[in-house]
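Engineer: In the order they appear, the protein sequences are chains W and D.
Heads up: the first sequence is residues 1 to 406, going by the working numbering.
Heads up: the second sequence is residues 1 to 406, going by the working numbering.
A hint or two may mislead.
Because identical chains cannot be distinguished in the list, a pair is counted as satisfied if it fits within a single copy or across any two copies.
Mimicking DSSO-like on lysine-lysine, the simulated pairs with C-alpha atoms at most 30 Å apart in a straight line are [as the list claims (entries may be wrong)]:
#	residue 1	residue 2
1	Lys-322	Lys-306
2	Lys-79	Lys-366
3	Lys-366	Lys-48
4	Lys-321	Lys-306
Derived from the structure by calculation, the hints contain no laboratory data.
2 protein chains.
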Amino acid sequence: MKAISVLGSTGSIGTQTLEIAEEFPSQFRVVALSAGRNLSLLVKQIQKHSPEAVALADESLLPELKERLENLSIQEKPKNMPRLLGGQDGLNVIASWEHADLVVTGIVGCAGLLPTLSAIRAGKDLALANKETLIAAGPVVLPELKRSGSRLLPADSEHSAIFQCLQGTPWADNARLSTGEPTPGLRGIHLTASGGAFRDWSIDELKKATVDDATSHPNWSMGRKITVDSATLMNKGLEVIEAHYLFGLDYKHIEILIHPQSIIHSMVELTDSSVLAQLGWPDMKLPILYCMSWPSRLETPWRRLKLTEVGQLNFLEPNTKKYPCMELAYAAGKAGGTMPAALNAANEEAVAQFLDEKIHFLDIPKLIEKACEKHKQDYQEIPSLEDILSVDNWAREIVRESTKEL
Amino acid sequence: MKAISVLGSTGSIGTQTLEIAEEFPSQFRVVALSAGRNLSLLVKQIQKHSPEAVALADESLLPELKERLENLSIQEKPKNMPRLLGGQDGLNVIASWEHADLVVTGIVGCAGLLPTLSAIRAGKDLALANKETLIAAGPVVLPELKRSGSRLLPADSEHSAIFQCLQGTPWADNARLSTGEPTPGLRGIHLTASGGAFRDWSIDELKKATVDDATSHPNWSMGRKITVDSATLMNKGLEVIEAHYLFGLDYKHIEILIHPQSIIHSMVELTDSSVLAQLGWPDMKLPILYCMSWPSRLETPWRRLKLTEVGQLNFLEPNTKKYPCMELAYAAGKAGGTMPAALNAANEEAVAQFLDEKIHFLDIPKLIEKACEKHKQDYQEIPSLEDILSVDNWAREIVRESTKEL
Numbered sequence: 001m002k003a004i005s006v007l008g009s010t011g012s013i014g015t016q017t018l019e020i021a022e023e024f025p026s027q028f029r030v031v032a033l034s035a036g037r038n039l040s041l042l043v044k045q046i047q048k049h050s051p052e053a054v055a056l057a058d059e060s061l062l063p064e065l066k067e068r069l070e071n072l073s074i075q076e077k078p079k080n081m082p083r084l085l086g087g088q089d090g091l092n093v094i095a096s097w098e099h100a101d102l103v104v105t106g107i108v109g110c111a112g113l114l115p116t117l118s119a120i121r122a123g124k125d126l127a128l129a130n131k132e133t134l135i136a137a138g139p140v141v142l143p144e145l146k147r148s149g150s151r152l153l154p155a156d157s158e159h160s161a162i163f164q165c166l167q168g169t170p171w172a173d174n175a176r177l178s179t180g181e182p183t184p185g186l187r188g189i190h191l192t193a194s195g196g197a198f199r200d201w202s203i204d205e206l207k208k209a210t211v212d213d214a215t216s217h218p219n220w221s222m223g224r225k226i227t228v229d230s231a232t233l234m235n236k237g238l239e240v241i242e243a244h245y246l247f248g249l250d251y252k253h254i255e256i257l258i259h260p261q262s263i264i265h266s267m268v269e270l271t272d273s274s275v276l277a278q279l280g281w282p283d284m285k286l287p288i289l290y291c292m293s294w295p296s297r298l299e300t301p302w303r304r305l306k307l308t309e310v311g312q313l314n315f316l317e318p319n320t321k322k323y324p325c326m327e328l329a330y331a332a333g334k335a336g337g338t339m340p341a342a343l344n345a346a347n348e349e350a351v352a353q354f355l356d357e358k359i360h361f362l363d364i365p366k367l368i369e370k371a372c373e374k375h376k377q378d379y380q381e382i383p384s385l386e387d388i389l390s391v392d393n394w395a396r397e398i399v400r401e402s403t404k405e406l
Numbered sequence: 001m002k003a004i005s006v007l008g009s010t011g012s013i014g015t016q017t018l019e020i021a022e023e024f025p026s027q028f029r030v031v032a033l034s035a036g037r038n039l040s041l042l043v044k045q046i047q048k049h050s051p052e053a054v055a056l057a058d059e060s061l062l063p064e065l066k067e068r069l070e071n072l073s074i075q076e077k078p079k080n081m082p083r084l085l086g087g088q089d090g091l092n093v094i095a096s097w098e099h100a101d102l103v104v105t106g107i108v109g110c111a112g113l114l115p116t117l118s119a120i121r122a123g124k125d126l127a128l129a130n131k132e133t134l135i136a137a138g139p140v141v142l143p144e145l146k147r148s149g150s151r152l153l154p155a156d157s158e159h160s161a162i163f164q165c166l167q168g169t170p171w172a173d174n175a176r177l178s179t180g181e182p183t184p185g186l187r188g189i190h191l192t193a194s195g196g197a198f199r200d201w202s203i204d205e206l207k208k209a210t211v212d213d214a215t216s217h218p219n220w221s222m223g224r225k226i227t228v229d230s231a232t233l234m235n236k237g238l239e240v241i242e243a244h245y246l247f248g249l250d251y252k253h254i255e256i257l258i259h260p261q262s263i264i265h266s267m268v269e270l271t272d273s274s275v276l277a278q279l280g281w282p283d284m285k286l287p288i289l290y291c292m293s294w295p296s297r298l299e300t301p302w303r304r305l306k307l308t309e310v311g312q313l314n315f316l317e318p319n320t321k322k323y324p325c326m327e328l329a330y331a332a333g334k335a336g337g338t339m340p341a342a343l344n345a346a347n348e349e350a351v352a353q354f355l356d357e358k359i360h361f362l363d364i365p366k367l368i369e370k371a372c373e374k375h376k377q378d379y380q381e382i383p384s385l386e387d388i389l390s391v392d393n394w395a396r397e398i399v400r401e402s403t404k405e406l
């Protein structure tokens, strides 16, 4: 039985992880949880999974959590009362919880960085859903991984697809997958993108794109921010950077392919010209499960993929004019160092401004480009974690300022 | 450097194997060859590869081969004169040639059975292109494989695709792939079929199908016999039986899917619902190379797969009314024992009759069904090699007789 610690248990990745743990009670045991502010859901999760420890990022909510747990009737109480922790230190304890075999990092944003590093330093295997870990902090995280031997198992569907296909190589030394070193026999990878909400829109039409338009995704049901990233193709640009660090590939060997049906989740191209692909319905549960069961495959009753039901799969080159964010991401990735951190933070802030209806859809890439351009002056090639966190703050501020100047 | 012995060096698989050996001179060394009657080509192959030994199936041609080699000018002569062998014993020596690391079995039909068994008994790894080895002789070959530890690497594109995807499992114990035992985590496989020359024909139109119609394949350039098998879908039926023995899967877990573009060469479905696929242009060279380079991947300059060039991939359920051979194959496979040998031989003879314009296209399944039906009387569950060879002869004879009665 595998013991799981879940960082961000009330978020999208966290709740799906716990659903899986519940579906396979003989395989997984939830030993530690951390959450943000959703105490009602957290209490239910504690009742169901009876973890050994629970942390709240916001320490001030601890007394309320304690009270809620104490007020439960005897029948409702969890089997064991968890140890309660709070603040950054509390998160770090959950991330490096002694009895945990796998830490699922579902915390969004730079807040996930420190606990993720704690897990790595404790040598834990990680189901990685926090994208800042590699995109912003790759230069800090990779050496730590090498030192501790902890392994990154990608929890998002594209990198999981690559990871699953790379298990497809007898030379797949698992450590290699998380240290950013090139994999022998691997020529490159093809990340598939649905093309997002505006796949069939012209550039002219994009000028009039509203928030509602941008937040309707054709295939995946996700948060608003990520759905906008999918419409700008920045999500794919960020995945390119993540893939660079995960699989040790040069940027010229990471390609993006528009595939409207989102059935092929990504592909690897081998040096002999053979291509391996992973397919499935668009559902995050499968990649999360694979992180949890790896290296085994569990038996699920989940809906089987029927390609005859899908009928056809299409493939198109992405239009770089229509999706400038894609090129911005490649450029930031190639620059390396702190530049991807600036890109990621600028994008988050620009998308927030768009969702607040303060800027137009086509302003998003402009604001990001401006931030990255400005960052060239303070760019650091080999940054510390503090440098990365400060660039993250700086880029958000720059975007807010630039928004006013628009 | 890997030393290769090639059985059937002047055939389609053999010549492609030698082309690959020539393309990668630092990887492969050809140490032994066997051929049928094409002495001119064989002499050229000997000049180019300078094997240690050469055998001719037809012993009576040995003096001529010897003379041709002796008559070569000094500049044309191979580096070393090969040892020359003939007949069944000669083939067996080539198949178990001491210095060979891998034996490529490109001999067509039951003639390939004995040398293939010699290779297995000598513990050689095999690049398997001779389909009788498993389809007809599976019950004899599997225990021999277990005994000797020799490994079957499938050289045809569909089984190679499955094999490549199954490397995609950390639990892929290679021995398991050749002993017919179930693979943990594997739910089933999906063999893709182009649908052949008559994919878009109605059953009524099939009544008027000519030899020319049946021998024009949309994607693969192959021999006439195999192209007809592709039009009846018997090729896929036979592959189902081969997959059963290769991957230890129950017939209910082997499915056929019509995929007109022949880009996805086959797929594996894992127990957690994930699907892995292998893709490439329709070209036999890749699966042959993979047998030769396995478990490594070589670097080739071959044309890269561009899915945007293909544009779309389609998938259809096969129509069992239109392709009765498919069901005949499943039935023979499930019966096991000598039944697949009867099916395979009856099919070969029926297709030969069709190519001779002695029967109609739609008579092919009728003749096969009749032979299999008759064979129920003499069916053997655990046959010897002699039993299999005698069933092979018997089924051909039955089809010839039944042809007269049509």
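Engineer: Can you give me the call for Lys-79 and Lys-366, within, between, both or neither, at a CA distance of at most 30 Å?
Structural biologist: neither (54 Å within a copy, 68 Å between copies)
Engineer: With identical chains, the pair Lys-366 and Lys-48 could be close in the same copy or across copies; at 30 Å between alpha carbons, which is it: within, between, both, or neither?
Structural biologist: neither (47 Å within a copy, 62 Å between copies)
Engineer: For the identical chains here, do Lys-321 and Lys-306 meet the 30 Å Cα criterion within one copy, between copies, both, or neither?
Structural biologist: This pair counts as between: shortest inter-copy Cα distance 21 Å, intra-copy 35 Å.
Engineer: With identical chains treated as interchangeable, where does the CA-CA distance between Lys-322 and Lys-306 reach 30 Å or less: within a copy, between copies, both, or neither?
Structural biologist: between (32 Å within a copy, 22 Å between copies)
Checked against the numbered hints given earlier, this structure breaks hints 2 and 3; the rest are met.
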